[in-house]
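**Student:** Okay, so the sequence shown: first residue is 825 according to the working numbering, each after it adds one.
Hints are computed from structural coordinates only; laboratory data are not their basis. From the three backbone atoms N, C-alpha and C, an ideal C-beta is built for every residue, glycine too. One or more hints might be untrue.
[As the list claims (entries may be wrong)] Restraint ranges, calculated between C-beta atoms of paired labels, are given here:
no.: 1; residue 1: R900; residue 2: D957; range: 12 to 22 angstroms
no.: 2; residue 1: L874; residue 2: P973; range: 25 to 35 angstroms
no.: 3; residue 1: R1011; residue 2: R900; range: 17 to 27 angstroms
no.: 4; residue 1: K1033; residue 2: E984; range: 21 to 31 angstroms
no.: 5; residue 1: R945; residue 2: V968; range: 13 to 23 angstroms
no.: 6; residue 1: Q1014; residue 2: R988; range: 32 to 42 angstroms
no.: 7; residue 1: A1002; residue 2: I879; range: 39 to 49 angstroms
no.: 8; residue 1: L1010; residue 2: S1032; range: 28 to 38 angstroms
no.: 9; residue 1: G903; residue 2: A980; range: 36 to 46 angstroms
no.: 10; residue 1: Q1025; residue 2: V968; range: 29 to 39 angstroms
no.: 11; residue 1: R945; residue 2: A1002; range: 16 to 26 angstroms
no.: 12; residue 1: I958; residue 2: R988; range: 22 to 32 angstroms
no.: 13; residue 1: Q899; residue 2: K990; range: 29 to 39 angstroms
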Amino acid sequence: MGRYTGPSCRLCRREGMKLFLKGTKCTSPKCPIEKRAFPPGQHGQIRVKLSDYGIQLREKQKVKRMYGVLERQFQRYFGVAQKAKGVTGQMLLETLERRLDNVLYRMGFATSRREGREMARHRAVRVNGRMVDIPSFPVKVGDVVQVSPNRNGQAARIKENLERTKDRSAAAWIQIDADQLKGTILRMPQKDDIGLPIQEQLIVELYSK
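Input sequences plus hints: build the corresponding full structure.
**Tutor:** Structure representation (structure tokens):
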């Protein structure tokens, strides 16, 4: 599966808000959006009134970039959400939140979803005792996600990450055991657990056209 490899800070500036793609840099004065809170490019400071379609598109792009997925994969997630029981928009956000790389980020073991993806790819993560190297792996209620402490010096790395992210609000849907480098999924994530303003109904309207 492909992934975006360009400058992350440009994505935050394009969406006009912090998407927390660069870990602790996003909470420091070095964050580019603090000094240049306008879209990148030579026409970035020109104000343009968006159409209804443009507003819907920007909301979709924001969520897609936040979780680090590309268009085809995002469309698949939307298809799954449509078939699931429940409100489509909420089911879409739940599906994205259940990604393994996002879970590692929510636990504070990774400072960003990109780092969580790297941990999984490096075969340092186990789910219910089994090694999982797929960042998009969907966790379920009751799953135990644990990082192997002896894998590429992960114990020291996670201890440092936990210190860096100690001021971040803990995920209420995950029970975290920092000493054992593991977390247990207590319930399915809800929209309120995301912590960023998302209008998922706009995404539903966009794909329903």
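**Student:** Holds or violated: 12 to 22 angstroms for the Cβ distance of R900 and D957?
**Tutor:** 20 angstroms, holds
**Student:** So the hint says 13 to 23 angstroms: do the beta-carbon atoms of R945 and V968 match that?
**Tutor:** With Cβ atoms ~20 angstroms apart, the hint holds.
**Student:** Please check whether A1002 and I879 have a Cβ separation lying inside 39 to 49 angstroms.
**Tutor:** Hint holds: Cβ distance 41 angstroms, inside 39 to 49 angstroms.
**Student:** Within 36 to 46 angstroms: is that where the Cβ-Cβ distance between G903 and A980 falls?
**Tutor:** 41 angstroms, holds
**Student:** Look at the Cβ atoms of Q1025 and V968 and judge whether their distance stays inside 29 to 39 angstroms.
**Tutor:** Given about 34 angstroms between the Cβ atoms, the range holds.
**Student:** Assuming the hint says 21 to 31 angstroms, is it satisfied by the Cβ distance from K1033 to E984 or not?
**Tutor:** Check failed, 46 angstroms falls outside 21 to 31 angstroms.
**Student:** Given a hint of 29 to 39 angstroms, does the C-beta separation of Q899 and K990 actually sit inside it?
**Tutor:** Holds, since Q899 and K990 (Cβ atoms, about 37 angstroms apart) stay within the stated range.
**Student:** Quick check on a hinted range of 32 to 42 angstroms for Q1014 and R988, using CB atoms only.
**Tutor:** Because 26 angstroms falls outside the window, the suggested range is violated.
**Student:** Between L1010 and S1032, is the Cβ distance one that fits in 28 to 38 angstroms?
**Tutor:** Holds - the Cβ-Cβ distance for L1010 and S1032, about 33 angstroms, lies within 28 to 38 angstroms.
**Student:** That 22 to 32 angstroms hint for I958 and R988 (C-beta), does it hold up?
**Tutor:** Holds, since I958 and R988 (Cβ atoms, about 26 angstroms apart) stay within the stated range.
**Student:** Taking the CB of R1011 and the CB of R900, does the distance hold inside 17 to 27 angstroms?
**Tutor:** Distance hint for R1011, R900 holds at roughly 24 angstroms.
**Student:** Taking the Cβ atom of L874 and the Cβ atom of P973, is their distance within the range 25 to 35 angstroms?
**Tutor:** The hinted range 25 to 35 angstroms is violated for L874 and P973, with Cβ atoms some 48 angstroms apart.
Violated hints, in rising order: 2, 4 and 6; the structure is consistent with all others.
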